[in-house]
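Novice: Sequence:
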Amino acid sequence: MVLAEAVQTLAGNDPAGLLPAREQMALSLGWHIVLAAFGVAFPAMILVAHWRGVYRNDDVALGLAKRWGKVAAVLFAIGAVSGTVLSFEMGLLWPGLMGPFGDVLGLPFAFEGLAFFTEAIFLGLYLYGWGRIPAKQHLLMLVPITGAGIFGTYCVIAVNAWMNMPVGFRMENGNVVDIKPWAVLLNKGSVLQFAHMWVAAYMVVGFVVAGVYAAGMLKGRRDRHHRLGLTIPLVFASVAAVLQPFVGHLLGLRIADRQPAKLAAFELALETESPSPLRLGGVLIDGEPRFYIDIPRIGSIIARNSLTKPVEGLNTIPPEDRPPVNITHLAFQGMVGIGTLLMVAVLIYWLWRWRGHDLSQNTWVLRFAVIAGPLAVVALEAGWVATEVGRQPWVVYNVLRTRDAAGDNPDLWVLLVATAILYTGLTVGAVIVLRSMASRWRAGEEDLPSPYGPEPEPLRADASDSRRSS
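Start counting the sequence shown at 1; every next residue gets the next number (this note's numbering).
The hints are all genuine.
Straight-line C-alpha distance at most 16 Å; calculated EDC-like pairs for lysine to aspartate or glutamate: (1) Lys136 to Asp58; (2) Lys309 to Glu271; (3) Lys309 to Glu273; (4) Lys136 to Asp59; (5) Lys180 to Asp103; (6) Lys188 to Asp257; (7) Lys70 to Glu445; (8) Lys309 to Asp257.
Pairwise CB distance ranges (calculated): (9) Asp257 to Pro393: 17 to 25 Å; (10) Lys309 to Ala438: 46 to 54 Å; (11) Asn173 to Leu307: 44 to 52 Å; (12) Gly425 to Asp257: 38 to 46 Å; (13) Val177 to Pro245: 40 to 48 Å; (14) Arg367 to Val428: 23 to 31 Å; (15) Thr316 to Leu218: 47 to 55 Å; (16) Lys180 to Ser274: 37 to 45 Å; (17) Glu445 to Pro324: 49 to 57 Å; (18) Ile371 to Arg258: 31 to 39 Å.
Since the hints were derived computationally from the structure, they do not count as laboratory data.
Even glycine gets a Cβ: it sits at the ideal position worked out from N, Cα and C.
Let the hints inform the model, and build the full structure from the sequences given.
Specialist: This is the structure we're talking about:
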């Protein structure tokens, strides 16, 4: 292929499969991570709405839970496709990783598969259980859905944490020996990295769902359905937005000890300074930082929990071990900047509500609620770019370089194009289906059919109990 040959010429001595593998993983992970966030956080929001409907006899909340359950089913089905693509990509794109380290990573991937099937089973029971399962038992179907989504995501994050802080094996004469699969799941680095992703998922889903109802309210739909649909996810998002800076700070302290090159790129620290400043903005041009503002000492406080400890400069890192600085730095600052903005915004919002203001009538508040969802998604993507690009040139930190994990197949460009077409089709299909569902709900159709499901039953939480008693 002419294109593949041209790209290989630009890549120099890198394997032919390295660049397409990187591009495909960036596409697949960047696309799938938003669906993964919904798998983690959305069931908990549905659980709260359903609980309110059952225990407070709130038909509006119960209606929200039923609608959200159908939306979750659509997103779950799409996520199953993209997740399957990812599972094949790991071995196809990175044979140098999965070949020697497959036994190390097999256990968390196996548990993630079990969590996926558990989530699918109970999601089916929840969808088709309306009016057929007693109300309180039906509510309990959401508990394993929520738990399986969280556990499955933890397993995947544990693998990524292992790439940043590898454990559970020894290298002997170039071979991987003394494998301890459980060490990957119990890795100390997994807990904080998962907590960071877990909280981010609640921010993304909370702000996105709240933004949908805020958009409806801007169009004049100010009924209780929209107010409750705004409030429940916004509460989740607000708590997450306030917690996230603290979780991120703790994770950053570990990065300072474990991955100094990544931290130096985060902070755009070319030289070691004590104390280190906080560098806002900035890009490297011809090896020199430009367009930045330094705030003295704050860098040491944030990155090292100290007034004097320095951030190790990139000049102490061998050039071949440095990550792409500009991408890493800008992605990190984008994540932190958006996260800080959202945290301040929700604190102001709840302060106004506490003082008795009816913010459902405030057009500017609703407009910000609409854009908060896309902002949270951008922060999520920026965070993963900072994490993954900042680890380069290593796929397994200080053990295996990314170029050594890639194959030598130039035809992977064809797979990248096919994957891009697939994800484009899935995106268009999801938009069409969700918009159609929303239109039918607005038209008064409450019981939209589910694929292969039984005929719909009454919505009320006590319908099954009353039918049984009769």
